Amino acid sequence: MPSPFSSLYGAHAFRKQSKASTRSPPPSPKLDRQRARDPYPIPSSNPASQYTLLEKLGTGSFGVVYKAMHNETKQIVAIKQIDLEDSDDDISEIQQEIASLAQCDSEYVTKYYGSFVVQYKLWIVMEYLAGGSCLDLLKAGPFSEAHIAVICRELLLGLDYLHTEGTIHRDIKAANVLLSSSGKVKLADFGVAAQLTNTLRHTFVGTPFWMAPEVIRQAGYDSKADMWSLGITAIEMAKGEPPLAEYHPMRVLFLIPKAKPPTLEGSFSAAFKDFVVQCLTKEPKLRPSANELLQHRFIRGAKKTSYLTELIERYQDWRIRSPQKGVNQHGTVRSAATWDANDTMKSDWNFDTVKSLGAMGTFRGSVKDLGMPPNMIPEEESDDGEDSIDTGAATKGSDPLSASIGINAHASHSTVLIKNPPPLAESDLDDNDIPSGRLIRAPPAYSGSPRTTRRASYAARTSLDGPGTVLNEADLGTGIDTIRPVKKVDAAGSLRLSNEFLGNMRKENSGSSFSTHKRSFSEGAKTGKVMVEEVVLPVLKHAIRDDMDAKEIESLSMLQRGFDELKEANSELAYRIILDILQGINENTAIQRHVHTSRGLFPHKRITRKSEMTSKGLIVTEETEEISGLPEPSNGLPPAAVSEEAPRRSPIAELLYMRWLEGLRLKWPSIMTGS
Amino acid sequence: MNFFKTKPRTPPDLVRGLRDAIPRLENGAPGGETRRKATEEVSKNLQQIKAMLFGDGEPIPEVVAQLAQETYNTDLLLLLVQNIARFEFEARKDVVQIFNNLLRRQIGSRWPTVEYLSSKPDIVFAALAGYENEEVALNTGMILKEMLRHEQLAKILLYSDQFYKFPHYVESTTFGISCDAFANFKETLTRHKPMVAEYLDKHYERFFSSLTTLILSNNYVTKRQSLKLLGEILLDRANFSVMTRYIANEANLKMMMNLLRDKSKNIQFEAFHVFKVFVANPKKPPQIETILRRNRDKLLTFLKNFHNDKEDEQFSDEKQFLIVQIQGL
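Chains Z and D, in that order, give the protein sequences.
Anchor point for the first sequence: position 75 equals 75 in the numbering used here, and the numbering is continuous, going up by one each time.
Anchor point for the second sequence: position 177 equals 852 in the numbering used here, and the numbering is continuous, going up by one each time.
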C-alpha cells in the first residue's frame, strides 16, 4: 500500500549518523548545526501566530497535542499545549523538563524547538514524528525479533547519549519510543527525566510495569534504571505487553522488587533472550551499561533503521483493515500524543473534562454568588456593581454540574488520580475499549479493602486506559500511566501511596483477628476462623519467598487475602470449603495416594477414625492409615500448596505445620461435636 | 575520555590554546576554514579541560589547582561567558560544567573561584546578559544560578542596576528562558535573607514598583510566579520591616483584593496569601482598616465561598481566621 507518509527524514543521512556514533562518546556536535533553519519560536507578543495548527493528534494527561506547521519554514511540528491553570505545582517543574530537553541535541532524542505561553496555556513546540510510537505500532501485533534488535540498538545509542550527558530518562517504554516515517528511532517524553548529580536519585517516578526494582525500593538509583526499563520494553515489543501486565499496577510495585526478574519466554533466539536477561539483572551494579550492551551480539547483528518502515506499513495496513471504533484519534496521531509524558487516554476524561472544567466552574460560580463588584473598593453600601461582574465567567459558573464536579475534582487535585468518580461512570465513557482483563482482574485483589475511593481510582486509572485506544490485546499494557501525575502533586506522593496500598494488604492479613468476637456462631465458624488464622494464612505466608516467580507470589498473596476475607465474611463457609477440599482430596484415590507418598505427613498413628466417617465408610474398615486421612484438614487447606509445595517447604513452615497438627489434635473433639 | 591521549597537554597549554582560539572565531569569512578550525580548537580544548576537572576516576588535585590558577590569571572565565554564543552546542555545555565545577572548588573553608569572581563583577553581569540571547540563555542561566549560591556574588548582582534587567528578561523571552530568568531573580531575592532584607529596606520603592509591574503583567506565568514571590518575600521573617511597610499601603491592598478575583484560580490563591497578611496585621493602619471595613460583608461572603474545594488544612484554618478577623471589624 502506498505509505501516506511523506519522507520527512532522509533515511540515508540518518544511517550515517548512527553508524558514526555507534561507539561510546556521544555524537560530537554537528558543525553545520543550523539553528536558524529550525522551526523554533521567536519571542514576540504573539508567538502563536508563528504556527498554524493543522490537526489534533491526541489528548494527554497534560494537555492536547497538535500537528502544526511553522509558518516561516513550512516545517511540520508537534505542539503540546499544557493548561497551566490546571497544574497546582510549581511552574518551574515544567520548566525543568523543558530545560533538560533543550540541552539535548541527539539524533536519538525528539527535538525541542521552544515554548511560549498563550493565555493560560503553555505551548511546547517539538519535532513531529510521523511513524508513531512503538506502542501504537504494537497494535498491529508484536514485533519480530529482527525489528526489536534495531529498535534496541537505537535506544541504546540514545540512552548512551543521555547517560553520558548525566541524564536519566526514567520512563523508557514502548509508548515513549517514537519512529520517524523513515524508521528513525527517538526517545520521547522527558517528563520525568532527571539530571544525574553525583548522588543517587531517590525520586519515585516512572511507570510501574517498566520500573527497575531499585527505583521502586527507593534505595537510590542511577542510569542503570533505564537499562532495566529497556529490558522490559524489549519484552513488551516481543509480546505486546510488559511482564506482569495482568496484574494491577500497584501490585506490580510490590512484585517487581520481590520476584525474580522476568525472562523472555517463547521461540526467540538465545541472543535475544540473553539480551533481556542482561537488562533485567536485578542488581544494578551488575547490570550492563548502555555502552556495554551495544556490543551484545543481539545488537551487533541488527539491521538498518530503514527496515523499521515495515512496522509502520504493517500498522497502516492494520488500521485500514480493522474497524475503527468511532474513535477520532488515529494511531499516528496518538503516537504524537504519547510523547507527551503520559498516557494519552484517560486524561481525556480525567483531566480535561472533569478537572479543568470543574475547577473553573466552582470558582466562577462563587464569583457570581458573591456578586462582587469589579472593583472591590466601592463606596459604602454600594451594591450596584453586582451586574457588572464579569458576566461571561458568571454564566459559565452557573452551570451546576460543573460546579459540583469542580468541588470533587479540585479537592483531589493533589491526588489527581486517586479520587475519581466511581468506576461506573468511567465505564460509561469508554465501553468498548477497556481491556477486560485488567479491569476485572485488578479489583479482586483489592476488594475488601476499606479504602473504597482509592480502589476505585486505581481501577479507574487502569480502565481508563483506553478511551480512544483501539481494542487489541496489546492494549493491555497501554493505559498504565507514568506515575508523574501523582508525583507532581506531592513529591513522594506516589511512593507513599503505593506503600500504603501494599501495607494495607499486609495489615489486613496479619490483623485479621480484630473482629474475632463479632460473631460467635457455630463451632464450625469458630473452627473455620482458627483454621484460617492459624493454618492457612501462616502456611501461605511462609510459602512466599523472595525471588519466586511473580505469578507464584501473586497467586499466593491472592489466596492469602481470599482466605482472610472469607474468614471475616463467613468463617463457617471457610470451614466448609476447607473441609470440602480435604474431602475431595480424600475421595480421589490417585491424589490421595500421591499426597501420602510424597509427603508422608499423615501420621498413621492418628488414625482416630472419625465418627462421621464411620457412617459413611464403615464398610471399608480398612485401617489403611492414609485413607483415614482424618485430620485431613491438615494439608488440604492451601489447595495450591498441598501437593506441590511439600518438598520445597521451608523448615519454618514445616515447624508451623507440625505445631498446627498438635493444635488440631486438641481441637478435634470440638469439631466433632460441632458437626 | 582518552581519545585525545596522543598529545597530553598541560593546563596552561589548554587555557592558552583556548584563549587564543576564541578571538579567531570571528576571523575570516563566516563558514570559512579559519572559523571552522577555531571552533574545533575551542571545542577540543574545552573537552580536555573538562576531562581534567572531572576525570575518568579522581581528578588530580595539583592539575586542577594549576588549571584554576591559570583561568584566574588569564580571565578565561569572563571570556568564556562572553563568547559562549559563538561556541558549538556541546561546547556550551562544557563551558557550564567547567565554570560550575571551578566555582564549587573549595580549599578548606575557602572558595578560591568565588573569591576571584568577587573582584570581577563583569563576569556576573555577563552571565546575566546571556538572557539576551535565547540560544545560550539556559547555559548562562545555569552559571548564574551557581554563582548566586554565594552571598558575595548575589550581592554584587542585587546591588547593581543590572539587577533591574531581570523583569525585562522575564517579560521579553519565551517560556523556558523566562522561567529560568525568573528562577534566578527569585534566587537572588530569597537565598541570602539578611543581606536581601537589608537591600529591600534600602531600596524599597524601586524594588516593589518593579515587582508590581511583574505582578500586573499580561503574561499569566509571570503574573502567577511574581505574585507568589511577593508572598514569599513578605512572609519571610527576615523581611519583617519590609512587610510592615508593604501592608500599610492601601494601593497594595487594593491590588490584592482585585487579584483575589482574578479569573485564574491559581492567581486568586496566591493573592490570598498576600491578602491575609493585611488582615492578620494586629495594628492595621486606619486607611487599611477602612477599606476592609467598607467591604466587610462582601469579603465575608466572598471568603466563605473561596476555594472551598481545597483540601489544605492550613489554608482552611487561615481562611477561617481571616473570616473571624473581618467579622470583628
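There could be a bad hint or two in this list.
To be verified - Here are some, though not all, of the chain D residues that point toward chain Z, as calculated from beta-carbon distances under 8 Å: (1) Phe764; (2) Lys940; (3) Phe990.
Stated by the list, open to error - Computed beta-carbon distance windows for the label pairs: (4) Ala704(D) <-> Arg321(Z): 55 to 61 Å; (5) Thr73(Z) <-> Thr888(D): 32 to 38 Å; (6) Ala740(D) <-> Lys260(Z): 48 to 54 Å; (7) Lys712(D) <-> Gly266(Z): 51 to 57 Å; (8) Ser92(Z) <-> Pro736(D): 32 to 38 Å; (9) Glu810(D) <-> Lys56(Z): 26 to 32 Å; (10) Lys56(Z) <-> Pro869(D): 49 to 55 Å; (11) Lys56(Z) <-> Phe915(D): 47 to 53 Å; (12) Lys712(D) <-> Lys56(Z): 47 to 53 Å.
Stated by the list, open to error - Which bits of chain Z does chain D cover? Going by a derived footprint, with three or more residues having C-beta under 8 Å, they are: (13) 102 to 108; (14) 113 to 122.
Because the hints were derived from the structure by calculation, they are not lab data.
The model shown is predicted, which means the values in this text are computed figures rather than measured ones.
Glycine included, every Cβ here is placed at the ideal spot set by N, Cα and C.
For each hint, the structure was consulted:
Checking Phe764(D) against chain Z: minimum C-beta separation of about 5 Å stays under 8 Å; hint holds. Interface hint status for Lys940(D): upheld, as the beta-carbon distance to the closest one in chain Z is roughly 5 Å, under 8 Å. Given the 8 Å rule on beta carbons, the hint for Phe990(D) is violated: about 12 Å separates it from the nearest Cβ of chain Z. Here the CB-CB span from Ala704(D) to Arg321(Z) is close to 57 Å, well matched to the stated 55 to 61 Å.
A C-beta distance of roughly 35 Å is found between Thr73(Z) and Thr888(D), which places it inside the suggested range of 32 to 38 Å. Taken as a hint, the range 48 to 54 Å holds for the pair Ala740(D) and Lys260(Z), whose Cβ atoms sit roughly 50 Å apart. Distance hint check: the CB atoms of Lys712(D) and Gly266(Z) are about 55 Å apart, consistent with the given range 51 to 57 Å. Roughly 36 Å separates the CB atoms of Ser92(Z) and Pro736(D), a value that falls within the hinted 32 to 38 Å.
Taken as a hint, the range 26 to 32 Å holds for the pair Glu810(D) and Lys56(Z), whose Cβ atoms sit roughly 31 Å apart. At roughly 52 Å, the beta-carbon separation of Lys56(Z) and Pro869(D) lies within the given 49 to 55 Å, and the hint holds. The hinted range of 47 to 53 Å is satisfied by Lys56(Z) and Phe915(D), whose Cβ atoms lie roughly 52 Å apart. Hint check: Lys712(D) to Lys56(Z), Cβ distance near 48 Å, so the stated range 47 to 53 Å holds.
Check on the stretch 102 to 108 of chain Z: 3 of its residues sit with their Cβ under 8 Å from a Cβ of chain D, so the three-residue criterion for coverage holds. Closer than 8 Å: that is the beta-carbon criterion, and the stretch 113 to 122 of chain Z has 7 residues meeting it against chain D, so the requirement of 3 holds.
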